[in-house]
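Engineer: These protein sequence lines are chains L and E, in that order. For the first sequence, position 174 (counting from the first letter as 1) is numbered 178 according to my numbering, and the numbering increases by one without interruption. For the second sequence, position 181 (counting from the first letter as 1) is numbered 183 according to my numbering, and the numbering increases by one without interruption.
Hints in this document: simulated from the structure, not taken from any laboratory.
Pairs of lysine to aspartate or glutamate, EDC-like flavour, derived with a Cα cap of 16 Å:
no.	chain 1	residue 1	chain 2	residue 2
1	L	34	L	70
2	L	109	E	10
3	L	36	L	236
4	E	43	L	170
5	E	43	L	169
6	E	43	L	160
7	L	94	L	79
To list a few chain L residues with every Cβ distance to chain E over 10 Å, as calculated:
no.	residue
8	54
9	70
10	77
11	138
12	162
13	206
14	210
15	214
16	216
17	245
18	247
19	248
20	249
Predicted model only: the values in this text are computed from it and were never measured. Note that beta-carbon positions come from the ideal geometry of N, C-alpha and C, so glycine has one too.
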Amino acid sequence: MKKFVTMLLVLVMVLSLAACGGSDGLTVEKGKLHMSTNAEFPPYEMVTNDGGFEGIDVEVAGLIAEKMGLELVVDDMGFTAALEAVQNGKSDIAMAGITVNEERKANMDFSDSYATGIQVVIIKADSPAVQSLDDLASGVLIGTQEGTTGYIYCSDTVENGGYGEDHVMAYETGAVAIQALLAGKVDCVVIDNQPAQEYVKANPGLEILDTEFAVEDYAIAVKKGNSQLLSEVNKALSELIADGSVQKVVDKYITAD
Amino acid sequence: MGWTAWCEQLLIQAQGGSALGPWAELNKDFYQAFVQEGRWKMYLEGVGNTLKVAVLALMLGVALGLLVAMARTFHDQQREERPGFLLGILNGICKVYTTVIRGTPMMVQLLIMAFVVFKSSRNLVGVAALAFGINSGAYVAEIIRGGLMSVDAGQMEAGRSLGLNYIQTMRHIIIPQAVKNILPALGNELITLLKETSIVTVIGLRDLTKAAQLVTSKTYGGFMALFGVALVYLAMVMVLSWLMGRLERRLRSSER
Chain L
5 MKKFVTMLLV
15 LVMVLSLAAC
25 GGSDGLTVEK
35 GKLHMSTNAE
45 FPPYEMVTND
55 GGFEGIDVEV
65 AGLIAEKMGL
75 ELVVDDMGFT
85 AALEAVQNGK
95 SDIAMAGITV
105 NEERKANMDF
115 SDSYATGIQV
125 VIIKADSPAV
135 QSLDDLASGV
145 LIGTQEGTTG
155 YIYCSDTVEN
165 GGYGEDHVMA
175 YETGAVAIQA
185 LLAGKVDCVV
195 IDNQPAQEYV
205 KANPGLEILD
215 TEFAVEDYAI
225 AVKKGNSQLL
235 SEVNKALSEL
245 IADGSVQKVV
255 DKYITAD
Chain E
3 MGWTAWCEQL
13 LIQAQGGSAL
23 GPWAELNKDF
33 YQAFVQEGRW
43 KMYLEGVGNT
53 LKVAVLALML
63 GVALGLLVAM
73 ARTFHDQQRE
83 ERPGFLLGIL
93 NGICKVYTTV
103 IRGTPMMVQL
113 LIMAFVVFKS
123 SRNLVGVAAL
133 AFGINSGAYV
143 AEIIRGGLMS
153 VDAGQMEAGR
163 SLGLNYIQTM
173 RHIIIPQAVK
183 NILPALGNEL
193 ITLLKETSIV
203 TVIGLRDLTK
213 AAQLVTSKTY
223 GGFMALFGVA
233 LVYLAMVMVL
243 SWLMGRLERR
253 LRSSER
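Chain L on its own, in the form it takes in the complex (with noise of 0.2 Å):
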């Protein structure tokens, strides 16, 4: 009896747990639309110097949130982690510099692009073991954020394309990337282009090789099968593009050079 008593009151209690997480509205939270992150990805997130967060995303999603009229909270955590929290409904949408591809598609549902991203290779301005896109084949260990098209594309097999696991070192975040550059663990850096042109511009012995690796499209990532939360939010997305405020959020943080 005992026994029963204390598994009915574990079961209450997990179930009260998960009534947490209900909601009835649109998003999780009433009002509000919250907005998971990795906040180490300037231009497009970042965090501010008094603690609050600021980038190409985070005012894209501002506008966004103000269009369905909610309010908007930028919760900040690793890369992956923003993403589980979307599928897990911790929160509505994912903004993180989302690249789209087949393979995702499986487990989440993408809005319509916002911003383009470009992948450039970051060098040691010394460096002769990469001078050019085709020096990346030539057995050097490239370094790329894990998640990132860099890394998907770097890791993929010879025959697809790319330089096999063995040559990619895939780090938690760009900067350890940078770092791990600097130290000479790696020859060379794959990276989204906006963050790279802060790092070089933070670290002088740095340069970015002329030649793009890759071109790709941002998108905001929603829990799969959340087809109402995904048609507000392209609905949104639409009409910002079309009267042009997120090209003027996009001109305020990269300027044109």
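Fit chain E to the known structure of chain L by using the hints.
Structural biologist: Quick look at chain E alone, frame taken from chain L:
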């Protein structure tokens, strides 16, 4: 239709946007996380690296811990007021070592080891094993020291008055009793060490955890990969604690 072909089909369905049943969803997730494109090889390589780091660190940690514990115990058990200049210095070094290592986070130690001390080394397994070995040594030293000190002082006195010297008393009387006190705590430390190696992901070493992270980052698939590696860790720890249990039972057989 084979399971693989079925899963391939499920994947295409999911990519097309159609909803799957829970069972089909589970199969699809499993397939995507472990089977597709031979991903299990990455996990296998990961287990290999995890074990390599753990075993090397374990050997280094026990060796270091033993040395430090012996120096500290020998110093503390000297009868005289001044245990000797050299021994004092050795004891001081050992104290600083345990204080610094136990007082700083493992992750910071690992990052310093990888990005400052061995800046340009590409042998990540070696660097990680060294960092974990040095870390583990400090804990093992305290465990062993605690075990040696826990043996009643009367045992040492009895041994010495029977005409055995310090080393002989240690070897024949103190250590056999201490080992039984040490083993459970040491087993605990080994288990912690094995699991803690998962933070080598921060220096980019492909251990078991990293394999799961990389696969998740490619597919954006939820928990399957994480649950998978959690099970592997659990299995490894269970084997380890079973081995420790056997060892303890064998030692206990001399008690009666």
